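FYI, in full-length UniProt numbering the residues of the sequence shown are 1 to 196.
Don't read these hints as lab results, they were simulated from the structure.
Just so you know, these numbers come straight off a predicted model, no measurement behind them.
Among these hints, one or two may not hold up.
As the list claims (entries may be wrong) - Within a straight-line C-alpha distance of at most 25 Å, the following computed SDA-like cross-link-like pairs (lysine to any residue) qualify: (1) Lys134 with Tyr171; (2) Lys134 with Ile144; (3) Lys42 with Asn73; (4) Lys134 with Arg121; (5) Lys42 with Ile139; (6) Lys136 with Gly114; (7) Lys134 with Val153; (8) Lys136 with Arg77; (9) Lys134 with Ile160; (10) Lys134 with Thr93.
To be verified - Listed next, with one range per pair, are the computed distances between beta-carbon atoms: (11) Asp151 with Gly122: 30 to 36 Å; (12) Leu45 with Thr137: 37 to 43 Å; (13) Lys42 with Ser82: 28 to 34 Å.
Quick reminder that beta carbons are idealized off the backbone N, C-alpha and C, glycines included.
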Amino acid sequence: MEFRPNPSSQQCTLDFFSCRTNAPLERFEKLEGLLSMIDLPKVYLSVLDRRESLARHLHVPLLSTFIEERINNIFTRSNPLSSQESGTGHSETLNWVDVVREFDIDGNQPSRDGVHSCLLRGRLIDIPEADYAKLKTGILQQMIEPLPIADDVKKELETITNVLANVNRCYREISEGRESLWDSSFGQNMNMVLMI
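Construct all of the structure, not just a fragment, from the sequences and the given hints.
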C-alpha cells in the first residue's frame, strides 16, 4: 500500500497556530524497533486528525510560529488564565492566539478590579486591563488574518510528503521483515514435521 498527499486539494484547513507542543514528535530517522515503526505513523496521523501542522510539531521553521511567539510576548502573561472551566470536560490549552482570534468586544463582561472576563470555548477567561486594551485595538486580529500563509502551507506539504515517504519505507521494511520471519518459521516448522 502506497500513501500519497492529495495535491488537488486547493484549501488548507490545518491550524498552524494550535499545537500541543508539550508532546514533541519523534522523527523517523531516530526510530529503533518494529513497534516504533508501527506506532509513529499513528501518532503523526493523530496530529493531522486534530487539524494541527505536522511541520510545526517537527520544528520546521514557520512564519505562523514566529507570529504566535510575537503575539504571546505582547501580553503580560504567557497564557490566558481561565477562571471558570466549562462542564464539557475539555482539557485543551488555550493560548493568546485563540483569544485574539475569537475576541468579541461586545461579548465581554465589565471590568472588575482591572480584569475583564471573556467567554471563550465554554471557559471564562480573565484578561488584565492592559491586555484587554491591546485586544480592543483590533491590530492583533489583523496580524493573524490572511491565513494560512502560503509559505507555511508549502513547508507543510513538503513535510507531509517526506513523512509519507518514510511511512511507506517503514511499511515496506515491516512487510519484508514479516515475510522473512514467515519464511524462517515455516522452514523450522517443516523441519520439525519431517523429523516426526
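C-beta pair Lys42, Ser82: status relative to the range 28 to 34 Å that was hinted: With Cβ atoms ~31 Å apart, the hint holds.
Pairwise hint evaluation, Thr93 against Lys134, where the allowed Cα distance is 25 Å at most: Distance ~21 Å between Lys134 and Thr93 Cα, so the pair holds.
Proposed proximity, Ile160 with Lys134 (alpha carbon, max 25 Å): violated, 36 Å
Pair hint Lys134 and Ile144, alpha-carbon separation not exceeding 25 Å: Status holds; Cα separation ~14 Å.
Distance restraint between Lys134 and Val153, which requires alpha-carbon spacing of 25 Å or less: violated, 29 Å
Assessment of proposed distance window 37 to 43 Å (beta carbons of Leu45, Thr137): holds, 40 Å
Given pair status - Arg77, Lys136, alpha carbons within 25 Å: Holds, at roughly 17 Å.
Restraint status (C-alpha distance of Lys42 to Asn73 at most 25 Å): violated, 34 Å
Pair hint Lys42 and Ile139, alpha-carbon separation not exceeding 25 Å: At roughly 39 Å apart (the allowed maximum being 25 Å), Ile139 and Lys42 break the hint.
CB-CB spacing for Gly122 and Asp151 relative to the 30 to 36 Å hint: Holds, since Asp151 and Gly122 (Cβ atoms, about 34 Å apart) stay within the stated range.
Pair hint outcome, Lys136 versus Gly114 [Cα-Cα no greater than 25 Å]: holds, 15 Å
Lys134 paired with Arg121 [C-alpha distance capped at 25 Å]: holds, 21 Å
In this structure, the earlier hints numbered 1, 3, 5, 7 and 9 are contradicted, and the remaining ones agree with it.
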